[in-house]
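If you want the building blocks of each chain, they are given just below.
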Amino acid sequence: MNMFNSKIPAGALHEKWDNYKANAKLVNPNNKRKFKIIVVGTGLAGASAAATLAELGYQVDAFTFHDSPRRAHSIAAQGGINAAKNYQGDGDSINRLFQDTIKGGDFRSREANVHRLAQVSVDIIDQMVAQGVPFAREYGGLLDNRSFGGAQVSRTFYARGQTGQQLLIGAYQQMARQIGLGGVRLFNRTELVDTVTIDGRCAGIVVRDLLTGEIQSHAAHAVVLATGGYGNVFYLSTNAMNCNVTAAWRAHRRGALFANPCYTQIHPTCIPQADETQSKLTLMSESLRNDGRVWVPKRADDNRPAHQIPEDERDYYLERLYPSYGNLAPRDISSRAAKRLVDKGQGIGPLKNGVNLDFSAAIERLGREVVEERYGNLFQMYERIAGEDPYKTPMRIYPATHYTMGGLWVDYELMTTIPGLYAAGEANFSDHGANRLGASALMQGLADGYFVLPYTISSQLASLLGKTIPGTDHPAFKQAEAEAKERYNGYLNVKGKRSPDWFHRELGKIIWNDCGMERTREGLQRALSDLPALYEEFKTDLRVTGTGDSTNQTLEKAGRVDDFFQLGMAMCQDALTREESCGAHFRSEYQTEEGEAQRNDDDFCHVAAWEWTNDPMNPTRHAEELVFETAHLATRSYK
Amino acid sequence: MSHLKNLTLKVWRQKSPADSGHFENYTIDEISDEASFLEMLDVLNEKLISDNKEAVVFDHDCREGICGTCSLMINGVAHGPQKATTTCQLHMRTFNSGDTIVVEPWRATAFPIIKDLMVDRSAFDRIIESGGFITAVTGGAPDANLIPIPKPVADAAMDSAACIGCGACVAACPNGAANLFTAAKISHLNYLPQGQSERFKRTEAMVETMDEYFGSCTNHGECSAACPKEISIDVIALMNKDYRASKFKNRKELSR
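Chains as they are written, first to last, in the working numbering: chain A, 1 to 639; chain B, 1 to 256.
Watch out, some of these pointers could steer you wrong.
Claimed, not checked - For lysine-lysine, the following PhoX-like pairs were computed, each having C-alpha atoms within a straight-line distance of at most 25 Å: (1) K497/A - K509/A; (2) K47/B - K497/A; (3) K509/A - K47/B; (4) K15/B - K497/A; (5) K201/B - K247/B; (6) K53/B - K485/A; (7) K539/A - K103/A; (8) K83/B - K392/A; (9) K344/A - K298/A; (10) K495/A - K241/B; (11) K495/A - K32/A; (12) K201/B - K485/A; (13) K495/A - K53/B; (14) K509/A - K639/A; (15) K495/A - K539/A; (16) K467/A - K478/A; (17) K539/A - K201/B; (18) K539/A - K47/B; (19) K495/A - K47/B; (20) K53/B - K497/A; (21) K298/A - K352/A; (22) K298/A - K639/A.
Unchecked claim - Derived list of chain B stretches under chain A, where covered just means 3 residues or more per stretch with a C-beta under 8 Å from a C-beta of chain A: (23) 40-52; (24) 58-70; (25) 114-122; (26) 183-196; (27) 232-246.
Because the hints were derived from the structure by calculation, they are not lab data.
Since the model is a prediction, treat every value here as computed from it, not as a measurement.
Every residue gets a Cβ at the ideal spot worked out from N, C-alpha and C, and that includes glycine.
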């Protein structure tokens, strides 16, 4: 098997997806009900896939570790969703969204996938409106748009500052309809602990019931992992507390390649850490940069309150450095600019760990009422957390880990290197290259679930018609169940002194310091010697109290931290071997004279896909060359 | 940054659904006032683990007030003392040194306790499954701008759609009724032009599923006061009106 058959269809770029659909094998409606598809995760990608596959007639089993599918972390996306509708008549088109996304990803994503994403973006908006998502509207009743980082058009659709919530509720309701009709069976409070491969095909999954600790197998014709990203490897991130890499990592350990783990996005506008008990960081939507101006005092250690600092002693550094994009420069660029100024001592706030995001000019220009209508709930959220009123004093913001572009390697059909096992949404690596543009995560999750997987999955299933698949009594399932039991009993039996949270925090510090916003060879080598040592300590000094046969959140956490350790090592190795800077991956050794990322297209214009070898410190690196036929490899400039 | 000292926590501990449960007292010697309420519980749990005791089980996830996973009756008030604020967004600066804080799970027949502070809210999902959607099969949708929706209508739908499904309304209601939740869900869809085809079928099905699990509404208004998203009690009037109408309209449809 060629590990890198990305299965890009023939034809001109804009015809590939149509060609694919025109030639894909179909399954007759009467035969669809004979196929069982497992969907793990019920965020935008998972819920939309489960709902659509069930509508088509497949039997779908959906799994979530939450109490309800509607809790998935897609819900926390604030700002919006991109689509090339050109409703504002400002020159947008599918080609422009494609070009922006390729450029935003710093030429490290696959052209064909990105173009398909731009194509189906317009269908997503139609679909979500039909389902009753209350997007913001103009007085005439038509849909409103706003602008996001990395774009010079207004193509972002939004529902106040709760776009993710509204889209997720839409997808959840569509899935709930199928649950009511019997098309989807829901398994809530159930976590994936392993995937099972039999005769080279994914045969199903092994799960753990989070209420009883029971380990159980489920067999299927196809398995979709829509299990989100791994940003929580940093401990402090904008991810929800329960987001984890376990599903993707367990599939990786069973043979699925893991691509570009070092592409992790740091979001420029989060509320800075306030104290040592901090458990997560909260994002303030990028949309705020439409009207907020980012600045720091020109002088280091300036302790005056913001309103006492005169205009000429402020550095509006994004407007100064990137005049054509200004405060809407892409996320990686804005984040690094903030870090450099804070490192120079120009940070603000009690811990000097933030920069100002100032709305006074917007309030003067538009009036408080308009600002309140656009961002009211974000301002309220800020006030709750920081205890300051952003209508009166500027918000304090600082970059934090937010999204992970890396993930399971998938081909054009979103299938991993294990036949029958698919990855959708943030869990795969495919569309954002080395950096994701704002309002594109919601777009990709829904594109994968609604408009890509339902087409691509049938072409694989067609060949399985009439064949029996292995049941859960197959020895491979029994062995995976036994291993899972042993694994969870193992955590309970270490009986050391440190909690899983303690290890997670320490792990996060290493990753943040040495594999965060700016990476160096030295730092990465240091991390790669510190991580195995800490991991060893984890295995011998972990303490999990309670038992394995009823709800035990400490035990759940132990399993997740274990997988984060192994992923962390892969991240650092990926960052170390990618000897260039691109998008969110910034190696200090590779920068231009002006301090911008310097790509090395001769040696690194490829996807790094890692193969598990049973030793987390020695995985095998494979490369999928990226070919650009339409977009021109250029130095990304937002000046 | 300042610190609170000597907090006493009375926390509900219950091993299993069948266990009768009891309060246990814990002390927090010192905690930053910048910590959130759930971060304070994290500190308690770290202390319990270091004392070789089982950590307190509680539901939580996004910690930014949007996923609706967190709950807790704090001193007898759903989501605690701060108005329009979920437990995860409640910060310790709201409390004082020396305070005693009582922490309990949601208490409602329809939300059985699973363990400690965690309850089962899946009855909410059953209500949505019975009709809380607009049937729009993937792929067949017309252009999104085909039906203009007046801004006030879209805004009203959004006000209802802001519900996070946390269950505070049920926990606060003396009758354990879910009328605010159900009405918020119904009015979100019933306000919109896209929701009209199924309006009365939806309302009848959702109200009757709600009645299978939850108590009856007697207009106390506690639900709206406890709602972290400040959903107005007006939506219940709209639901009642549509429910009454549904009894005539749905029968008429059947007799055709």
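Right, here's what the structure says about each hint:
no.: 1; hint: K497/A - K509/A; result: holds, 20 Å
no.: 2; hint: K47/B - K497/A; result: holds, 12 Å
no.: 3; hint: K509/A - K47/B; result: holds, 21 Å
no.: 4; hint: K15/B - K497/A; result: holds, 24 Å
no.: 5; hint: K201/B - K247/B; result: holds, 9 Å
no.: 6; hint: K53/B - K485/A; result: holds, 23 Å
no.: 7; hint: K539/A - K103/A; result: violated, 43 Å
no.: 8; hint: K83/B - K392/A; result: holds, 21 Å
no.: 9; hint: K344/A - K298/A; result: holds, 11 Å
no.: 10; hint: K495/A - K241/B; result: violated, 60 Å
no.: 11; hint: K495/A - K32/A; result: violated, 49 Å
no.: 12; hint: K201/B - K485/A; result: violated, 47 Å
no.: 13; hint: K495/A - K53/B; result: holds, 12 Å
no.: 14; hint: K509/A - K639/A; result: violated, 33 Å
no.: 15; hint: K495/A - K539/A; result: holds, 10 Å
no.: 16; hint: K467/A - K478/A; result: holds, 22 Å
no.: 17; hint: K539/A - K201/B; result: violated, 56 Å
no.: 18; hint: K539/A - K47/B; result: holds, 21 Å
no.: 19; hint: K495/A - K47/B; result: holds, 16 Å
no.: 20; hint: K53/B - K497/A; result: holds, 12 Å
no.: 21; hint: K298/A - K352/A; result: holds, 14 Å
no.: 22; hint: K298/A - K639/A; result: holds, 21 Å
no.: 23; hint: 40-52; result: holds (count 9)
no.: 24; hint: 58-70; result: holds (count 11)
no.: 25; hint: 114-122; result: holds (count 6)
no.: 26; hint: 183-196; result: holds (count 5)
no.: 27; hint: 232-246; result: violated (count 0)
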